[in-house]
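4 protein chains.
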Amino acid sequence: MPLTPEQLADIDASRQNPQPTLRAVAPGMEQHLYTAQPVLDHGFVRVIDYMGDDAAIVQAARVSYGAGTKKARDDSGLIRYLMRHWHSTPFEMCEIKLHVKLPVFVARQWIRHRTANVNEYSARYSILDREFYIPAPEHLAAQSTVNNQGRGEVLQGAEAARVLEVLKADSARAYDHYEEMLSQEGQAGLARELARMNLPANVYTQWYWKVDLHNLFHFLRLRADAHAQFEIRVYAEAIAEMVKDWVPAAYGAFEDYRMGGVNLSGKAVEVLKRRLAGETVTQEASGMSKGEWREFEGVFG
Amino acid sequence: MPLTPEQLADIDASRQNPQPTLRAVAPGMEQHLYTAQPVLDHGFVRVIDYMGDDAAIVQAARVSYGAGTKKARDDSGLIRYLMRHWHSTPFEMCEIKLHVKLPVFVARQWIRHRTANVNEYSARYSILDREFYIPAPEHLAAQSTVNNQGRGEVLQGAEAARVLEVLKADSARAYDHYEEMLSQEGQAGLARELARMNLPANVYTQWYWKVDLHNLFHFLRLRADAHAQFEIRVYAEAIAEMVKDWVPAAYGAFEDYRMGGVNLSGKAVEVLKRRLAGETVTQEASGMSKGEWREFEGVFG
Amino acid sequence: MPLTPEQLADIDASRQNPQPTLRAVAPGMEQHLYTAQPVLDHGFVRVIDYMGDDAAIVQAARVSYGAGTKKARDDSGLIRYLMRHWHSTPFEMCEIKLHVKLPVFVARQWIRHRTANVNEYSARYSILDREFYIPAPEHLAAQSTVNNQGRGEVLQGAEAARVLEVLKADSARAYDHYEEMLSQEGQAGLARELARMNLPANVYTQWYWKVDLHNLFHFLRLRADAHAQFEIRVYAEAIAEMVKDWVPAAYGAFEDYRMGGVNLSGKAVEVLKRRLAGETVTQEASGMSKGEWREFEGVFG
Amino acid sequence: MPLTPEQLADIDASRQNPQPTLRAVAPGMEQHLYTAQPVLDHGFVRVIDYMGDDAAIVQAARVSYGAGTKKARDDSGLIRYLMRHWHSTPFEMCEIKLHVKLPVFVARQWIRHRTANVNEYSARYSILDREFYIPAPEHLAAQSTVNNQGRGEVLQGAEAARVLEVLKADSARAYDHYEEMLSQEGQAGLARELARMNLPANVYTQWYWKVDLHNLFHFLRLRADAHAQFEIRVYAEAIAEMVKDWVPAAYGAFEDYRMGGVNLSGKAVEVLKRRLAGETVTQEASGMSKGEWREFEGVFG
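Chains as they are written, first to last, in my numbering: chain Y, 2 to 302; chain G, 2 to 302; chain W, 2 to 302; chain R, 2 to 302.
Watch out, some of these pointers could steer you wrong.
For chains that are exact copies, the list does not tell them apart, and a pair is met inside one copy or across any two.
[Claimed, not checked] Subject to a maximum C-alpha distance of 27 Å in a straight line, what follows is the list of computed BS3-like cross-link-like pairs (lysine-lysine):
| id | residue 1 | residue 2 |
| --- | --- | --- |
| 1 | Lys268 | Lys169 |
| 2 | Lys245 | Lys169 |
| 3 | Lys291 | Lys169 |
| 4 | Lys268 | Lys245 |
| 5 | Lys274 | Lys169 |
| 6 | Lys291 | Lys245 |
Derived from the structure by calculation, the hints contain no laboratory data.
Since we're looking at a predicted model, the values are computed, not measured.
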């Protein structure tokens with residue numbers, strides 16, 4: 002259970018006091034504010050604040066004086082145009098602030114997205130909770146035999162049981178020792194900034210993360226992708242659902258041009274043209290490497 | 002007059018429709034929303050949107066679940082601590098979006114602050130207005146004789162008149178020619194992306210500019226400083242007034258530690274210690290250069 | 002003539018003193034160092050420094066201890082893989098520093114690429130030279146009738162002559178007045194920071210610009226593109242030629258995947274699949290807008 | 002021992018092949034290239050490449066055509082001026098690329114400096130080495146009783162022994178289990194991207210890290226500071242020694258204005274002025290909080 006009754010009460014309190022504002026309000030996002038969307042076994046994502054909506058993207062693109070046309074259809078067409086032609090600055094005019102609880106090894110991938118603001122819970126200053134990510138059995142997978150940085154089949158039987166047992170026991174022991182080293186009962190007590198180093202990478206941390214919509218889309222494209230590690234992908238997917246409610250037109254364009262889209266090399270374009278003209282093209286004749294050809298066939302058969 | 006009746010009507014419309022939100026609301030900032038604060042002869046600054054308030058800084062610093070304590074005094078103490086120790090990330094958790102109208106030569110200084118989002122009115126796509134910055138007589142200053150990049154006394158009499166006349170006439174002629182070159186009456190009409198190059202640097206442009214509070218403070222420290230060029234300083238000062246109403250505690254800390262503060266070198270600290278101990282220290286004995294000593298004496302006499 | 006004999010002598014001196022280094026050396030880039038590649042009528046690009054080469058990209062991707070394999074073929078395959086899968090960080094491990102002289106209206110587009118380091122010649126501190134961009138007759142184009150931010154046919158006859166005459170005369174007059182306002186002969190002399198505002202956007206400025214290879218590729222993709230304004234495109238093309246000599250494998254991958262590549266939307270992928278399966282698909286049935294369909298047909302017919 | 006004989010041979014090979022270059026060469030830095038400076042028990046820092054030197058800072062500040070004056074004294078004065086007045090862009094014109102081996106909990110602090118380029122060894126793709134940071138006895142400190150995020154006295158006797166024993170045993174066990182889970186002997190073998198989550202934060206990772214001199218100084222100011230955690234401070238100190246040899250004038254200015262300097266609030270300036278005028282000022286009369294006053298007295302007595 003990621004949240005204590007006290008924390009849930011804090012969230013409820015935050016949700017019970019609507020105030021009037023003159024700013025752009027996205028009704029789809031108001032419903033998400035503060036509530037925690039569970040992810041993995043102890044993690045969550047919750048929206049703390051947001052700035053802008055679909056109309057704000059259009060308004061910025063036009064550097065306009067008013068709130069923009071209220072014709073959603075026109076806005077949507079312009080937004081698709083902006084997305085298609087990589088006009089990224091209007092999307093930067095929307096911003097979102099999230100509170101995320103996540104395992105440290107996921108946090109280490111996440112933080113590589115540099116164009117964002119972060120405040121992380123400090124393990125120099127505070128004591129971390131006893132919460133560790135233990136994969137559900139269906140996510141306990143073997144090393145992929147074809148992809149050096151991916152996973153393959155789900156582990157079975159005794160091996161799965163052994164792995165789960167090891168992860169649980171080592172986490173528990175590491176946390177017991179963390180507490181023992183910190184303890185000031187009958188001893189000085191190790192500094193928190195040192196004791197934390199005994200904790201494994203599946204321990205949970207949390208942070209406030211603030212990012213603009215353009216950079217968030219970039220994050221989602223890489224992390225909601227099928228090649229992303231499952232444990233970060235589920236966070237990206239949870240965020241994507243919120244973004245869909247926040248800026249539906251922008252999200253629609255993103256889905257079509259980025260998530261559902263494909264980048265073709267010049268060589269791939271040539272092959273497609275030849276195939277459209279009725280020619281049969283082999284990998285050897287394509288100029289592509291085997292890996293590239295496999296990816297190409299993965300899309301176009 | 003910076004705004005047309007139509008634009009003013011758009012702004013009025015934007016201000017007449019408060020909507021409920023669960024987000025943090027800064028009452029001091031709501032009053033500024035959308036209205037144009039005049040700057041220079043045709044320019045303005047207006048707030049389009051904002052995210053967060055003083056409590057949001059504290060909430061992020063604590064990675065807290067609720068909206069934070071509502072004891073403004075505690076918040077203020079923590080905010081001063083964060084500012085004093087250069088903990089910049091909590092300040093990054095507030096964001097502001099401005100619509101600014103400004104002369105091109107001011108825009109060129111402004112854009113050097115890279116950590117911000119910008120959408121500028123496109124002179125490739127649209128035709129610029131006939132609006133040029135002509136300094137008020139009291140701001141028409143001679144080159145400084147002591148500072149290579151500053152201004153000195155105000156120009157007087159015939160020289161002042163000549164300069165004003167030149168600036169006005171050249172601006173008017175440049176715009177006339179701009180229109181003539183663009184015209185499609187009886188001719189093809191020059192491309193907008195080319196015609197614009199005839200316009201001088203005092204022509205007005207406009208943009209949407211979005212920045213987080215930490216980077217805004219950095220902008221204000223450099224641009225509201227006495228050494229900044231007057232024409233950008235007045236924009237910084239107009240923005241500072243808004244920030245004071247938005248996040249009063251953070252602005253107070255900024256004023257004390259950054260705007261009213263001083264950076265001392267190790268050498269300057271040594272001199273101060275010796276002077277506090279009753280010693281008289283000369284520039285020669287200080288280890289400082291003449292310029293540095295002059296700046297030091299400018300503060301401590 | 003962009004450079005004075007004195008400047009050329011400085012450049013020659015810089016080129017006559019090779020020194021030994023243990024760092025990665027790119028012979029193709031050494032030949033470009035310091036020499037000025039002319040662009041437009043008074044502009045230039047010249048390489049001041051560079052860091053890394055193709056092998057450095059591979060070395061960083063592998064976080065290796067030595068200088069990497071010296072098998073150029075393997076390196077090239079890995080580089081193509083990195084480019085194809087948007088692994089951008091290894092490309093960030095190469096860096097280039099350029100000295101560029103360019104018209105102000107080009108500089109204003111250029112500076113929008115924020116992830117770079119810039120030192121611009123200061124017109125607050127120094128006096129600008131009497132150099133203005135005047136388009137060659139074949140680049141003096143009319144406004145495009147189909148593209149709001151583009152140019153169409155070349156201007157002809159009397160209109161072309163009138164435009165050239167206006168640009169030349171207004172530039173000359175603006176500079177005469179700039180000098181007169183600055184003059185301290187028999188008058189105080191206007192501050193440089195004010196006088197500069199009389200100069201039009203075709204005046205030349207110059208800067209040092211430093212950027213990593215990943216961000217440079219992003220710049221080149223947008224600015225060497227057929228839709229970029231001609232006056233910035235020629236700079237991008239001049240830089241692209243240098244990059245080709247510096248990191249030939251990386252540039253080759255960039256050319257194939259970015260410059261010669263195409264981004265397809267999910268809808269476009271569907272249309273291609275249906276066409277490959279023998280179906281005839283119309284715009285109406287494609288789900289694409291007319292503009293999008295036109296762009297799609299521009300590639301695949 | 003941080004490096005294998007094979008790695009040392011790679012490094013030797015890299016150092017035995019000087020090549021001529023026309024670029025700026027910093028002799029003080031050439032001597033450091035590639036060699037590994039040991040830090041902590043298994044870590045190191047080594048310079049892979051660098052761009053620029055003291056003269057390059059001056060050259061960029063002047064946007065000059067040649068290599069700049071060769072009068073080191075003038076350069077040094079200008080560099081001090083630039084540092085004093087926060088003209089940061091010329092310092093951004095130097096760049097350094099490092100290979101660093103460091104414990105994960107140090108890497109997590111380090112990565113918060115966003116304005117840098119990073120390539121980290123991938124534990125999704127590769128298997129980490131059996132190397133863990135175990136503090137030397139003199140660095141095994143208790144939690145500070147006055148500073149929530151700092152350490153106090155060194156642990157003694159049985160407590161110290163217990164802690165060391167726990168850290169060693171847990172590290173060893175975690176790595177044993179990591180290997181067992183990965184093993185494909187008689188089982189499928191857990192995916193590397195999952196197995197790594199069992200490793201504690203004192204395991205070593207490594208990366209290539211590239212940063213400009215301005216941002217490196219910012220890193221050093223925060224991380225070579227007495228309040229930084231010891232385990233990152235030793236890395237900052239090792240880097241500082243290299244920077245001193247690379248750009249001695251810039252480093253000297255940094256040392257005086259940043260490392261040895263002090264930021265005073267407006268209130269602190271007032272107190273100093275009153276004390277210089279002979280007045281005795283108490284904390285109550287200073288307007289400062291107790292914490293602030295303590296810091297102030299820490300400098301000026």
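Structure-based check of each hint:
1. Lys268 with Lys169: neither (50 Å within a copy, 46 Å between copies)
2. Lys245 with Lys169: neither (36 Å within a copy, 48 Å between copies)
3. Lys291 with Lys169: Classified as neither; 42 Å inside a copy, 46 Å across copies.
4. Lys268 with Lys245: between (35 Å within a copy, 19 Å between copies)
5. Lys274 with Lys169: neither (55 Å within a copy, 48 Å between copies)
6. Lys291 with Lys245: between (37 Å within a copy, 25 Å between copies)
Hint check: violations occur at hints 1, 2, 3, 5; the rest are consistent with the structure.
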